[in-house]
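Visitor: Protein chains in written order, with the numbering used here: chain A, 505 to 867; chain B, -10 to 284; chain C, 4 to 261.
Treat the hints with care, as some may be off.
[Claimed, not checked] Taking beta-carbon pairs under 7 Å as the criterion, some of the chain A residues facing chain C (in silico): (1) ARG557; (2) THR582; (3) ASP584; (4) GLY602.
[Said to hold, decoys possible] SDA-like cross-link-like pairs, simulated, lysine to any residue; straight-line CA separation at most 25 Å: (5) LYS842/A <-> PRO832/A; (6) LYS842/A <-> GLU775/A; (7) LYS728/A <-> LEU61/B; (8) LYS728/A <-> THR127/B; (9) LYS728/A <-> ARG145/B; (10) LYS728/A <-> ARG273/B; (11) LYS728/A <-> SER246/B; (12) LYS728/A <-> GLU775/A; (13) LYS728/A <-> MET146/B; (14) LYS728/A <-> PRO791/A; (15) LYS842/A <-> GLY674/A; (16) LYS728/A <-> GLY230/B.
[Stated by the list, open to error] Pairwise CB distance ranges (calculated): (17) ARG197/B <-> PRO181/C: 25 to 31 Å; (18) ARG63/C <-> LEU841/A: 46 to 52 Å; (19) VAL712/A <-> ALA34/C: 47 to 53 Å; (20) ALA34/C <-> GLU555/A: 36 to 42 Å; (21) PRO5/B <-> ALA124/C: 34 to 40 Å; (22) GLY138/B <-> LEU841/A: 51 to 57 Å; (23) ALA124/C <-> VAL52/B: 28 to 34 Å; (24) ALA136/B <-> LEU8/C: 29 to 35 Å; (25) VAL58/B <-> LEU856/A: 38 to 44 Å; (26) LEU(-7)/B <-> LEU130/C: 35 to 41 Å; (27) LEU8/C <-> VAL52/B: 51 to 57 Å.
If you're looking for bench data, these hints aren't it; they were derived computationally from the structure. Beta carbons: idealized from backbone N, C-alpha and C, even for Gly.
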Amino acid sequence: MSRTRREFLAACSRAGLSATTASLLLSCVTRRLSPPANEQPVSAAGPLEHELRIFNWSDYIAADTISRFEAESGVRVTYDTYESNEEMVAKLVAGGDGYDIVAPSGYLVPVLVEGGLLQPLDHAVLTNWPHLLPLFVNAESDRGGRYAMPYQWGTTGIACRRDLIRAVPGGWSVFSDASLRGRMTMLDDGREVLGAMLRWRGHSVNSVDAGQLRHAKRDALQVKPNLRAYLSATVKAQLVSGDVVVAQLWSGDTRQAQLEEARIEYLIPAEGSLLFTDYLAIPRAAPNRRAAHAFLNYVLRPPVAAEIAEQTGYGPTNGPAIALMAHPVAPPDARLLKRLEFQRDLGAATDLWDRLWTEVKAG
Amino acid sequence: MTRLRSRVAAALHRHPRVQATALLLPAGVWLAVFFAIPLAIMATYAFRPRHILGGVYPGWTTVHVARLVEPLYLAVLGRSVVLSLLATALALLVSYPIALVIVRSTRWRSFLLFLVVLPFWTSFLVRTYATIFLIRDTGLINQVLQAIGVTHQPLRMLYTPGAVLFGLVTGFVPFMVLPIYASLEKLDPALLEAAEVLGAPEWRRFVRVIWPLTLPGVVVGSLLVFVPSLGSFLTSDLLGGAKVELIGNLVQNQFTSARNWPFGSALSFLLLMVVMLGMLAQLRYTAAHAKGKTA
Amino acid sequence: MTRRLTAILALIGYAALLLPLLLLVAWSFNASRSGARWDGFTLDWYHRLLHRGDLLVALRTSLVVGVTATVVSTGLGTLAALALGRERSRAMGAIESMLVLPIVTPEVVAGISLLVLFSAAGVHLGLATVIIAHATFCLPFTILVVLARLRGMDRTLEDAALTLGADEITAFRRVTVPLLLPGIVAAALLAFTLSFDDFIVTFFTAGPGTSTLPLVIYGMVRRTVEPTVNALSALLVIGTTLLLVVTQRWTGRHAGEA
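So here's chain A without its partners, still in its complex pose (with noise of 0.2 Å):
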């Protein structure tokens, strides 16, 4: 072995071995004991805090919300966003503080909830309370809303245009419609493809069945050669345009792309599809719970929460605010609810899911 390799990998190994220990006496630090959450009701605890901080997806609160907030309660906001869910808790399981409100998606709140992450809703002050669909309420992500509040809702479906093709999709099926081929894209997501490919098939969009699984993954490779692309949000630049004409999206998305181009079309597909609901939550290590309550409570006002709504083109969860949105969107009735599947969290099966959905990106 010649010399430069020795000392190369001498000196690796050294690095190597000290950055070990240290590791080791930081692992046993690592465990952070998060703080029990207050007990005291939140109504009787004093004025409201100076700062609030909310950490929400992009783009999915009306542009005044917040300074209308602001000037009513003389609190500031700080207001970051994120992506993905998965993103948000990757900074609550690291202990990385200082957030007041998140906006975890429905399949995740028991997840939190189980993991201790956050705490439980006063609802003696959240007045406006009532204003809420039982339908969202009584969700099984969060019955009775203890730790959670729902904020919107939305389904996945398909998004067409109606003048750049023969007929109106009925389904899932469509996508293996050899004349469309490369015009159509789905969503690059593997729970909503596969999802939809289970339900192709009579399947439930939680199923943790190997074999269902596995012949899911089937006709997502099947259909793969159809598809332009696989694309989330993006994708409504090119339904506009025209370049694409089928497309798996969701409501709201479809909404806003309908704003530029009426001739879009959304249709829930006849072997049905999935429903979900947002929520507002508060973690548990929260240093501004009061200012939070407020927050939450104001968000359930019906003009603001069909302001909201009306901008992010999803629904209310919010009773009263249907009729006050400009363009209002009803929840689904229970014809359709018939076909909506709510989104559950696949726990163990996580892994195998996401080992599939490899398989039919690198197939």
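Given the coordinates of chain A, assemble chains B and C onto it according to the supplied hints.
Guide: What follows is chains B and C alone, placed relative to chain A:
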């Protein structure tokens, strides 16, 4: 005060080893604290059971490392390496001429240099969107081509491997241009003059004189392009339509949607090892090259 | 023949780099929101930009982080490069390889590992943590660039200065530094560019209220493609170009020999 300074400087000069250590210490300590230690922590993560929320539980397991040798993941790694090598080669093809043009110009030098770096003062994502507008089926290039009658059907440029290469290359060109430029800039013009006077044609001058002397810059530039392209994922998602899984996507996924930090760490270390092998090869090459030079 | 080939390739390179940029500037005047077609000329997006307080604050944060991280990383990197460049021992080669390791680490890993470090040490995320993270990933780049310049640099000039009676410090200041300067400047430029455009590492190390420009833009652009971002980018492009032209004129007037 100045006497003390000069005496310290002289002493350091007499003891090159001490001087070298003193110079290296600040950077070394910085990287030890903010790079080595966090990385070591991540390395231990690769051997821990995964937590459902992401993160890890205490305990030890080899299940994640064992997963690395599965053909699925090795294939992804292989594909990524090939793509990155291609991107590096293309970047070199384009960056070297740019560096040459910059060095040859006297009046416009800083401006040309700045033009290379300028695109990067805008957001990468915004630039990529602009690229999409440029190359998609209803984009500017196709509109122009069809307007002047060169083509009748739109050219499919977006969501092809070519688009991904284009994105990678344009994304990393300054990393290649700057080191090559730095190398070229300090070339002794007397050498070039001598070659010219001795009758060597332009091509010969380049291959025999300029290229070997700028090799350090080329090597650095290649490294600076190869490695980040290996770890990139946004480009292949946005310009390639996310249809191909690269190692960058895989790693990113583990830390986000898959919530499998241990496997993500294991993959990262696989990636690290691949590159370290490449650098080891580079070490031997430059050592041999240096020996050859003095021979 | 080779001259022409070089020129053509360089031209292609510049075109590939700058065409999207020009399109960006043009599109910032496009009335269409999604930018799918040309809907007419408008200054609307520029007006809206003035009201986007979050974008302007983010810009300021990006500049502060960028400049600080550049100074730190270029300083540390130059010192390290000096050590590596002078001594040509095998140990130095090994150390060089290790100092350059951060380039090899995927950004996700770098970001998360720093997040874990900071939380384990009880350090609150904020401006300082972002600056530290940026300086860390810029450092190997600055080392490499200055080193590339240093290698093969004529060492005899320094020796000549010393033989002629200058002490080490003067030799360093008057001979080494000016020779090294283009490399240092290139390194600083690279470091600032990397820092200004970084997203992933910043995301994991930024605290509440310390959003940099990329963080805010990524959010905007992935959800609704709003040309306000194009307007901002166009302003940045035009602004920095003007800055450079002005600097060029100014240094041209005071030109010594480079």
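Visitor: Hint by hint, which ones does the structure fall short of?
Guide: Those not satisfied are hints 10, 14, 25.
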